[in-house]
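Q: Here are the chains, one letter per residue:
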Amino acid sequence: MNSISDLKYFLEVSVTTFVSFNLLYIIWIFFIISSETASGFNGSIMYVPHAARVLTICYFGISAIPALYAAHVFCTFVIGGAYGLNNLLLFDLLGTSLLSTTSVLIALYAMAGLGFKIRTLPFYEFTKDSVYLDLGNHKHIIMVTVFSAAVHSLSLYVYNYLRAISSNPEMFIRFFVGDILGTLVTIFTLSFMLFAFFRER
Amino acid sequence: MPDFKKQLTTFVQMLRNIEDEFKLHSLTPNEQAVFYTILKSNDVCNITKIVDKSGLSRSTVYKTLRKLEENNLIEAFQSQSDKRESIVSLKV
Chain V
21 MNSISDLKYF LEVSVTTFVS FNLLYIIWIF FIISSETASG FNGSIMYVPH AARVLTICYF
81 GISAIPALYA AHVFCTFVIG GAYGLNNLLL FDLLGTSLLS TTSVLIALYA MAGLGFKIRT
141 LPFYEFTKDS VYLDLGNHKH IIMVTVFSAA VHSLSLYVYN YLRAISSNPE MFIRFFVGDI
201 LGTLVTIFTL SFMLFAFFRE R
Chain B
3 MPDFKKQLTT FVQMLRNIED EFKLHSLTPN EQAVFYTILK SNDVCNITKI VDKSGLSRST
63 VYKTLRKLEE NNLIEAFQSQ SDKRESIVSL KV
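If you read the protein sequences in the order shown, they are chains V and B.
Note that the first sequence covers residues 21 to 221 in the working numbering.
Note that the second sequence covers residues 3 to 94 in the working numbering.
Hints are computed from structural coordinates only; laboratory data are not their basis.
Please note that a few of the clues may not be correct.
Okay, derived cross-link-like pairs now, DSSO-like style, lysine-lysine, Cα gap no bigger than 30 angstroms in a straight line [to be verified]:
1) B/K85 <-> V/K28
2) B/K51 <-> B/K85
3) V/K159 <-> B/K85
Residues on chain B that point at chain V, a partial pick, calculated with CB under 7 angstroms [said to hold, decoys possible]:
4) F6
5) Q9
6) T12
7) F13
8) L17
9) N19
10) I20
11) E21
From the structure, some residues in chain V lie toward chain B, with a derived Cβ separation under 7 angstroms [as the list claims (entries may be wrong)]:
12) Y29
13) F30
14) L155
15) G156
16) L210
17) S211
Cβ atoms here follow ideal geometry from the backbone N, Cα and C, with glycine treated the same way.
Hey, can you work out the whole structure from these sequences and the hints?
A: Below, the structure written as structure tokens:
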């Protein structure tokens, strides 16, 4: 019984994660990236799919990782490839996808080291002194967004530098700002949509 | 075992907190209808015009106007040409 409910939960989380990442990626491709490619691609200034990473890992924990990784590889390879955004070798595609997928997780563990813990993640002990991140509070989510954007941009910059893909520091700045702006825009748009369409009248 | 629906509810709660923070739902749908009718009329507006344009009943419009006036969003004054008629305008 437990394993069935575990599987059901895993499937629900996986489908939600995969679909939400794909949806945000398509929105990003159509509405944002088309205005940015003119001067060459050095990282998007508004990367909305980062919201899917932050929100799914914060709310669903590590259960979302496999679907998020699959969605990342699928979107970059199939959709991004079709629009000429993927110039990476398969090894680098898998490597950067892994870094991007785990960036929020690493950020959450870094925050846990600083005393800010989240209940959806196991692996470390909660003590009386733990400050819990409140998933109902958007300010806490924004804090995770900033931390994860820093981890994501830094890890990708180091990876690109070591693999001689790019050593342009502008890419680091654009990834950092792009992840934060993209997540904020997504969260606020969802909030406006909730207000405009789904509130009881 | 975490509950999927409970986690989604927490997410929606987070979005509602943003609404609360930025006071996105401080106006009810009726208040919005009346407010936007006055806004669209560009200048001043009488109550009959608001009733016609908003599609609300006269009593609802009166009640809503009182609330908007209390919130300092509009002001109502008597018409100079017809003392029986009230004129409302935005206070912004």
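Q: Each hint needs a verdict: does it hold in this structure or not?
A: Quick rundown of the hints versus the structure:
For the suggested pair B/K85 and V/K28, the alpha carbons sit about 69 angstroms apart, so the restraint of at most 30 angstroms is broken. Distance restraint check for B/K51 and B/K85: the Cα-Cα separation of roughly 17 angstroms lies within the 30 angstroms cut-off, and the hinted pair is therefore satisfied. A C-alpha spacing of about 53 angstroms is found between V/K159 and B/K85, which places the hinted pair above 30 angstroms, so the restraint is violated. Hint on B/F6 holds. Least Cβ distance to chain V is approximately 5 angstroms, under the 7 angstroms limit.
For the restraint placing B/Q9 at the interface with chain V, the shortest Cβ-Cβ distance is roughly 5 angstroms, inside the 7 angstroms limit, so the hint holds. Here the hint on B/T12 is kept, as its CB sits about 5 angstroms from the closest CB of chain V, short of 7 angstroms. For B/F13, the interface hint holds, since its Cβ comes within 7 angstroms of a Cβ in chain V; the closest pair sits about 6 angstroms apart. Annotation: interface hint on B/L17 holds; nearest CB of chain V at approximately 4 angstroms, less than 7 angstroms.
This hint holds: B/N19 has a C-beta 5 angstroms from the nearest C-beta of chain V, less than the 7 angstroms allowed. Against a cut-off of 7 angstroms between C-beta atoms, the interface hint on B/I20 holds, since the closest Cβ of chain V lies about 4 angstroms away. Because the smallest distance between the Cβ of B/E21 and any Cβ of chain V comes to about 5 angstroms, under 7 angstroms, the interface hint for this residue holds. For the restraint placing V/Y29 at the interface with chain B, the shortest Cβ-Cβ distance is roughly 6 angstroms, inside the 7 angstroms limit, so the hint holds.
Nearest Cβ of chain B to the Cβ of V/F30: about 10 angstroms, over the 7 angstroms cut. The hint is violated. For the restraint placing V/L155 at the interface with chain B, the shortest Cβ-Cβ distance is roughly 5 angstroms, inside the 7 angstroms limit, so the hint holds. Hint on V/G156 holds. Least Cβ distance to chain B is approximately 4 angstroms, under the 7 angstroms limit. The restraint placing V/L210 at the interface with chain B holds, with a minimum CB-CB distance near 6 angstroms, inside the 7 angstroms limit.
Of the supplied interface hints, the one on V/S211 holds, with its beta-carbon coming within about 4 angstroms of a beta-carbon of chain B, less than 7 angstroms.
Comparing the model with each earlier hint shows violations of hints 1, 3, 13; every other hint is respected.
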